[in-house]
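Those protein sequence lines, which keep their order, are chains A and B. My numbering applies: residue 1 is where the first sequence begins, and numbers increase by one. My numbering applies: residue 1 is where the second sequence begins, and numbers increase by one.
Don't read these hints as lab results, they were simulated from the structure. Since we're looking at a predicted model, the values are computed, not measured. Any given hint could turn out to be false.
One side only, chain A facing chain B, incomplete, derived with CB under 7 Å [claimed, not checked]:
| no. | residue |
| --- | --- |
| 1 | R224 |
| 2 | T225 |
| 3 | R226 |
| 4 | N229 |
| 5 | A232 |
| 6 | G233 |
| 7 | G236 |
| 8 | S237 |
| 9 | N243 |
| 10 | L244 |
| 11 | G245 |
| 12 | V246 |
| 13 | G303 |
| 14 | Y304 |
Cβ pair distances, simulated, as ranges [unchecked claim]:
| no. | chain 1 | residue 1 | chain 2 | residue 2 | range |
| --- | --- | --- | --- | --- | --- |
| 15 | B | N214 | A | G141 | 38 to 44 Å |
| 16 | A | S239 | B | N214 | 29 to 35 Å |
| 17 | A | F40 | B | G216 | 54 to 60 Å |
| 18 | A | T140 | B | S92 | 18 to 24 Å |
| 19 | B | G36 | A | L343 | 46 to 52 Å |
C-beta: ideal position from N, C-alpha, C; glycine also.
The chain contents come next:
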Amino acid sequence: MATTTTATPAAPGSDRLRQLSVTQRFLARPAAGALLIVIFVWIVFAVLSLTRGNGAFLGLAGALNYLDVASQVGILATAVALLMIAGEFDLSIGSMVGFAGIVIGIGVTIWGLPLWLSIILAMAVTTVLGVCNGIIVVRTGLPSFIVTLATLFIIRGASSVLTSSVTNITYIPIDPQTIAGDPLGAIFGWDLPIETGGGATTSIQVSIVFWVLIAIAGIYVLGRTRFGNWIAGAGGSASAARNLGVPVARVKISLFAMTALSAAVLASIQSARFASADVLRGTGFELDAITTAVIGGCLLTGGYGSVAGALLGALALGMARQGIVFANINADWYQIAIGTLLLVAVVLNNWIRRRFAGLS
Amino acid sequence: MEPTPLTDALMDRAAPAVAADRPPLLEARDISKYFGAVVAIEGVSLTVRAGQVTCLLGDNGAGKSTLIKTLSGVYQPDKGTLAVDGDPVRFSSPRDALDAGIATVYQDLSVMPLMTITRNFFLGNEPTTGFGPFKRFDLGRAAGIAREEMHRIGIDVRDTDQAVGTLSGGERQTLAIARAEYFGARVLILDEPTSALGVKQSAIVLRHIIAARNRGLGVIFITHNVSHALPIGDTFTILSRGRTGGQFRRGEVDADTLHGQMGGGDELNELTRELEALATTPTAPPASPSAAPPAPN
Numbered sequence: 001m002a003t004t005t006t007a008t009p010a011a012p013g014s015d016r017l018r019q020l021s022v023t024q025r026f027l028a029r030p031a032a033g034a035l036l037i038v039i040f041v042w043i044v045f046a047v048l049s050l051t052r053g054n055g056a057f058l059g060l061a062g063a064l065n066y067l068d069v070a071s072q073v074g075i076l077a078t079a080v081a082l083l084m085i086a087g088e089f090d091l092s093i094g095s096m097v098g099f100a101g102i103v104i105g106i107g108v109t110i111w112g113l114p115l116w117l118s119i120i121l122a123m124a125v126t127t128v129l130g131v132c133n134g135i136i137v138v139r140t141g142l143p144s145f146i147v148t149l150a151t152l153f154i155i156r157g158a159s160s161v162l163t164s165s166v167t168n169i170t171y172i173p174i175d176p177q178t179i180a181g182d183p184l185g186a187i188f189g190w191d192l193p194i195e196t197g198g199g200a201t202t203s204i205q206v207s208i209v210f211w212v213l214i215a216i217a218g219i220y221v222l223g224r225t226r227f228g229n230w231i232a233g234a235g236g237s238a239s240a241a242r243n244l245g246v247p248v249a250r251v252k253i254s255l256f257a258m259t260a261l262s263a264a265v266l267a268s269i270q271s272a273r274f275a276s277a278d279v280l281r282g283t284g285f286e287l288d289a290i291t292t293a294v295i296g297g298c299l300l301t302g303g304y305g306s307v308a309g310a311l312l313g314a315l316a317l318g319m320a321r322q323g324i325v326f327a328n329i330n331a332d333w334y335q336i337a338i339g340t341l342l343l344v345a346v347v348l349n350n351w352i353r354r355r356f357a358g359l360s
Numbered sequence: 001m002e003p004t005p006l007t008d009a010l011m012d013r014a015a016p017a018v019a020a021d022r023p024p025l026l027e028a029r030d031i032s033k034y035f036g037a038v039v040a041i042e043g044v045s046l047t048v049r050a051g052q053v054t055c056l057l058g059d060n061g062a063g064k065s066t067l068i069k070t071l072s073g074v075y076q077p078d079k080g081t082l083a084v085d086g087d088p089v090r091f092s093s094p095r096d097a098l099d100a101g102i103a104t105v106y107q108d109l110s111v112m113p114l115m116t117i118t119r120n121f122f123l124g125n126e127p128t129t130g131f132g133p134f135k136r137f138d139l140g141r142a143a144g145i146a147r148e149e150m151h152r153i154g155i156d157v158r159d160t161d162q163a164v165g166t167l168s169g170g171e172r173q174t175l176a177i178a179r180a181e182y183f184g185a186r187v188l189i190l191d192e193p194t195s196a197l198g199v200k201q202s203a204i205v206l207r208h209i210i211a212a213r214n215r216g217l218g219v220i221f222i223t224h225n226v227s228h229a230l231p232i233g234d235t236f237t238i239l240s241r242g243r244t245g246g247q248f249r250r251g252e253v254d255a256d257t258l259h260g261q262m263g264g265g266d267e268l269n270e271l272t273r274e275l276e277a278l279a280t281t282p283t284a285p286p287a288s289p290s291a292a293p294p295a296p297n
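Let the hints inform the model, and build the full structure from the sequences given.
Dropping the structure here:
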């Protein structure tokens, strides 16, 4: 950063304050680092795509491609970021994606329920699991990292047991006709085909719409509601927040429920798009979602973070994953890229926070 | 504005009209609290009147924390009663105490350094605007009030969107005190508000305690620093090993007596003698390098 510090001398005797430039004000926002990361990742893969591939990364089709990938984890990122700001983790979210899909699949194929009812059932059951996570964490006072690691194994295992006991396989196909004719199936399976020139077509996936809408809702809740203020307070210091009358337990349990619900939303979209349910869906998403939140400026210790940052973090992840494909690089490099990105982001966010927000 | 030295501020203190015939704002009578076999406090009494600073002094482990946690509803006393305005009360949670106008400011647990001044000021008491699902945190109004209140307590913030972590320790304590007062506290319990602060920062907080007292609040000021308590206290209660070690009015007591009553007097005198003996012991002139002991390897 070439920003020069324009420190005005402190008013005599009063507190030491200085005038901040517009750049400094921007950099004091928690999402600033994530925006810089996104710009950096875009430039890197734009260059790689032009030099090693056909430059498709830069076009509309390329953009819709990485937006789609970003939206998958992005749907989870908002709730995960809010939970992290409240000082908690949910490692079981990936297993919940698989579990919710299995409930939808079994509901439609074995119990003969309409798809919309199966989806609502899956959302309800998954939300209850989230509430259980929250209650265990709040009541026992154990770190949520440990509690949800345990529920990750339990839920993943239960999904396998459940599926193999009814179908003997861990994969449940759903009839595409059922999906097309169902009101909720039509929403979660929706996409908008568009021409990208030269006769090629691509489409805007509904997951992108959900990702952005959920993020906007999250930004509003965190920034503009009492509940949002309680989230940051609960994460900053649970005991101090409690002394001020904030219902810390209720805040945390609601956020665990929201995290679980967002997993069910992603499962509904995936089930409708792929016309199937699979036990293994969502594997690894818990770490991807935490990565997006951390790139987005959330502190692992809670009390500080941004939903807009998590949205940008998901975008950076999607760009890196598809950018490697567009640049004709072996996809194995993706994990190396993400790991490096995460490290750079954390160091950058720390530096920005210290340097521009005046916080250590 | 050059801050006035503490002593000047003390000269300004207009003696507030303390109606002695009115029941005290908060009274603890013969409070005892046990944790299993441990006697945390035994038969402790304390009175806070409007417009008075009651200093609670004691060494570490004297039971100060237990007493204030009992007064603020965190603990329930095993024996004895609490009375607000002369009427016996029972607090089952900190919320009950808050509703009775008793606010406690803990030393480092009172504000969130990563949240803005406005958000800290209104945490748990956010003003809202709009109806039903569109009800939202009225940040504009909150920022206005926060700016006004910060100005009133003498903290010159240009921007209430700056994080509390950028304020000094004294300013953070002052913010917590102003917040408690704004939300209707009549009794302020301040737990060691100056113990982690330097001289100047302590002065900011002490000056604000006097200002709150002059506005008619009752203040319980917990400290183990006699030189902070003496200039601002109206009454002094000493806790020693869980029991009331002595109660004095302003002017009846000096620093040595207070130290002695806190249980640290004898030890402190001994330490003073020891240090004086060390200081007067003739030592080899440090200029001579040969006199220096060999450096340990």
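Status of each hint after checking the structure:
1. R224: 5 Å, holds
2. T225: 5 Å, holds
3. R226: At about 4 Å, which falls below the 7 Å cut-off, the nearest Cβ of chain B leaves the hint on A:R226 intact, so it holds.
4. N229: 5 Å, holds
5. A232: Given a least distance of 5 Å, the restraint on A:A232 holds.
6. G233: Check passed: Cβ of A:G233 comes within 5 Å of chain B, closer than 7 Å.
7. G236: Since the shortest Cβ distance to chain B is 3 Å, the answer is holds.
8. S237: Hint holds; A:S237 Cβ to chain B Cβ min 6 Å, cut 7 Å.
9. N243: 6 Å, holds
10. L244: Constraint on A:L244 satisfied, holds at 4 Å.
11. G245: A:G245 check passes; min Cβ-Cβ to chain B is 4 Å, inside 7 Å.
12. V246: 5 Å, holds
13. G303: 5 Å, holds
14. Y304: Cβ of A:Y304 sits 4 Å from chain B, so the hint holds.
15. B:N214 - A:G141: 38 to 44 Å: Roughly 43 Å apart at Cβ, these two residues keep to the hinted range, so it holds.
16. A:S239 - B:N214: 29 to 35 Å: 31 Å, holds
17. A:F40 - B:G216: 54 to 60 Å: With a Cβ separation near 58 Å, A:F40 and B:G216 satisfy 54 to 60 Å, so the hint holds.
18. A:T140 - B:S92: 18 to 24 Å: Roughly 23 Å apart at Cβ, these two residues keep to the hinted range, so it holds.
19. B:G36 - A:L343: 46 to 52 Å: 49 Å, holds
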